[in-house]
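Taken in sequence, the protein lines are chains A and B.
Just so you know, numbering that gives the first Met the number 0 puts 333 at position 334 of the first sequence, and the rest follows in order with no gaps.
Just so you know, numbering that gives the first Met the number 0 puts 498 at position 499 of the second sequence, and the rest follows in order with no gaps.
The set of hints was computed from the structure by calculation and includes no laboratory data.
One or more of the hints may lead you astray.
No copy labels: a pair is met if it fits in one copy or bridges any two.
SDA-like cross-link-like pairs, simulated, lysine to any residue; straight-line CA separation at most 25 Å [said to hold, decoys possible]: (1) Lys-332 x Gly-393; (2) Lys-328 x Thr-374; (3) Lys-411 x Ala-278; (4) Lys-411 x Ala-200; (5) Lys-254 x Pro-331; (6) Lys-328 x Ser-279; (7) Lys-328 x His-409; (8) Lys-254 x Arg-319; (9) Lys-33 x Arg-47; (10) Lys-254 x Arg-392; (11) Lys-332 x Ala-410; (12) Lys-328 x His-395; (13) Lys-328 x Gly-393; (14) Lys-124 x Glu-48; (15) Lys-332 x His-409; (16) Lys-411 x Gln-334; (17) Lys-411 x Leu-275; (18) Lys-254 x Asp-335; (19) Lys-332 x Thr-358; (20) Lys-254 x Ala-217; (21) Lys-411 x Ala-316; (22) Lys-328 x Ala-410; (23) Lys-411 x Asp-282; (24) Lys-411 x Leu-288.
Number of protein chains: 2
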Amino acid sequence: MKCDLRGGLGLLFTLAVGISVVLGAQEPVAWVPKVRAWIAAHQQPVVRELLDLLARPNVAADRPNVRRNAEHLRGMFEKRGFRVELLETAGNPLVYGELKVPDATRTLLIYSHYDGQPVDPTGWKQPDPFTPVVRSAKDGREIPAARDLTRFDPEARIYARSASDDKSPIVMMLAALDALHAAGTAPSSNIRVVLDGEEEAGSPSLVPAIAKYRDQLAADLMVILDGPQHPSGRPTIAYGARGIARVDLTVFGPKAGVHSGNYGNWISNPAQRLALLLASMKDDDGRILVNGWNDGIEPLTPEEQSMLAAVPEDSSAMLRAFGVSAPEKAYPKLQDALQYPTLNVRGLSSAFVGSGARTIIPDSATASIDIRLVTETPAGAMIARIRAHVAGRGYHIVEGPPDDATRTAHAKIARLTIFGDGTAAFRTSPMNPQARSLAASLAAVHGVEPVQLRTLGGTVPISPFIRELGFPALLVPTVNFDNNQHEENENLRLGNLFEGILTVAAILKMDAPVR
Amino acid sequence: MKCDLRGGLGLLFTLAVGISVVLGAQEPVAWVPKVRAWIAAHQQPVVRELLDLLARPNVAADRPNVRRNAEHLRGMFEKRGFRVELLETAGNPLVYGELKVPDATRTLLIYSHYDGQPVDPTGWKQPDPFTPVVRSAKDGREIPAARDLTRFDPEARIYARSASDDKSPIVMMLAALDALHAAGTAPSSNIRVVLDGEEEAGSPSLVPAIAKYRDQLAADLMVILDGPQHPSGRPTIAYGARGIARVDLTVFGPKAGVHSGNYGNWISNPAQRLALLLASMKDDDGRILVNGWNDGIEPLTPEEQSMLAAVPEDSSAMLRAFGVSAPEKAYPKLQDALQYPTLNVRGLSSAFVGSGARTIIPDSATASIDIRLVTETPAGAMIARIRAHVAGRGYHIVEGPPDDATRTAHAKIARLTIFGDGTAAFRTSPMNPQARSLAASLAAVHGVEPVQLRTLGGTVPISPFIRELGFPALLVPTVNFDNNQHEENENLRLGNLFEGILTVAAILKMDAPVR
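Make the full structure from the sequences, and use the hints.
So, in structure tokens, the structure goes:
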């Protein structure tokens, strides 16, 4: 079914225009008005289904409640004809659902997660983050008896933990299936759904689950429904995400802090030496000086460059919001900056500062560093480059606190404390045919070019899962960018919920004929 | 009396040998054996007088108890014929005593302090830091009924708050007067004593007291009895002390921490920039690069150089104790290092390090800096040099948190937070005739050259008092160097108490005839 149906939207895309999607006089997609009408008529059941899901506490560590979520989700998917299984892992179960579509030759694996960030109810405006409330955008007041409304202001928002991250995409998906069914049409792909119950805890059970469930998880394309849409409000595709490695760099001074008067100018200062080390790694323009930092990264192709340039970004507004007058000179454009690995000092510590500071030469000084990785620069190689750089500056590198013999033998002693194995980056080629089909479908259905991100700057815990499964993956984020993700008063703009249904419908219908 | 009697010891010193004191075949000082015999016979009353004084709590903030100390001291000095006054100040009183000596033409002002550091009894081996105990050096056990002993092992120690800092020098002084009286001889100078009740709180009342009590405080030489003797155990003179200025340097980043993935490589990092700033101020060899840092400091004269070289110091042992393999390359010799102002990073802070670190570009980074001053480099000038250096690196310097307009206008923003006005250095010329007399007397009485320190590396709160009074001052520290000063289990080695009586006697008898 895939091959003979692909011409309709596939022709919208040509290699000649690189990764952009030509919108022109193409025919409107026949099912779209029907789906829009269904959404307009079914705001109440969609909102109610989400409110009911949000009322179930879902912090990953709260395993009994997480399982209650899983059982509830089982019911939601079974209602739509999915064959559902809870795939047991060492941690919380994966909710797995499969929906076969007659004649479909492609299988999509759709990933979302049903756990949420831990909550501190004292920071919320409502009594309980698991008792969702709907608030008006105009005055921020709670809308009473919101369950009874049949139409909502798209600017109104639901406030609850996981409202945007990541329960609403699950509801969008089920509503999209209902809407397509009501419109008398079917998805163009077989659908497999996997819902993670530990994403906010780093998805520790995902990769181990592959060994046990590889057959169920196999697909042609993975679509990750997670994260915030581009602030422009346009449909968004991200073809990758940077990875991360974390390392603390400690420079050792005297065994214990020594009096800065009695020994100042004579005993060297580890905080000063740490500053010199860090300064040797990155210059005032943001250029990273560690040898080989960007090794293996090819220059961007003209297509990739035009993809980055096409991302609509108001740099001045962003800088103003951050209170920063200018970006790093090394990477004045944000999208460029995200294509390369970082070397970021995320924290510094040595003795004390402020009015409680003691007049000492400290015993040690530590910089906590995170390195955002790209696919060409894996964690191990980057840690090795830092290690070589530190050693190259005359440091003896220790694995633990230095003993007396080590202290006697070496004038400069440093330690690298590595936190875990890191999370790898992933990047799917935007030229991948499945990716092109998905982009074209989004463009045709929404009538606007999607924002296409070659990579997210951040890291998704699902990366190792993607790499291990070995087939292409991309992210389609749908929720409002200002959703207070991971914070108090997490929220979902209802307009994003309703438009998200259309977005998921476009995914489910990719490569289908226009009418 | 001073002029015709000074030849005896004065001749021991000649300009040709610089500041060293020639010990040769000079005549033994007649009163010394008598004073030694007195000390040997009077260990019990001396120790008892100290134990009684130590039993009085003396934390500066505990004003009623501090006043009880003052009243007790009044009695101790009156017993020796002093005219005593409590000089009232805005804080605790100064205990002031005056003893006129017939025919004396010189007046010494002897300074000690009778307050002590705050105590945390939980850290002490004894129940109460104000119930002194005497412990054997052999097994560290408490010696029972120590008050009843008439002879003490010089290695035994008294444990109590202020045992060494600074009540024992007061008892040494009074015992020295008793011993000289018993030996049938008198001090060679008029004695004025001022005992500070707020030294451990920074001596805030000393300088203001001068306006009111300048006449009482006038003298030819101030002798400060405070601090630990040189570890060699030899009598020690310090002709000065470095001052101190404290400043925190903060570099500002975005208004709030931003996601290191979403914005890494694009928003510049204040911790990195702080590292670059600090690195620009001092190199890996410890050389300070701030413009004009040592301006006004003359090269050391050959006499000064030989004075520094004569200080007995086991650098390797010190470095081993600190767990450091080598000193700063800029100042490989400790005594050299102490002659110059420092630039010491006493603390660093930015966001978090360790397993709790967040993956952000921090909003700011702060280095806490202390600058040890010498007389040629006052606090204000040094802060101004740091300010000029920071500005010279392109920073706009703010006085408080930057507002939006400032953030928009300036790419690099830093703040200097200055803590107080600093404490000035003081330095008395070792060539000062009074200083030479004192050094010669110590040499002759102890039969060993005193260790002479051109300056202490640390700072004494009394510096502004010295500078304001305007006559020469020097320190004669007497207590054991390993006395746990300012810490739990502060202690005094009894050998230092007994030898200290002889040291104070040497001061009281300076320039007197040998027999």
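Original post:
Hint by hint, which ones does this structure get wrong, listed from lowest number up?
Top reply: Failing hints, ascending: 4, 20.
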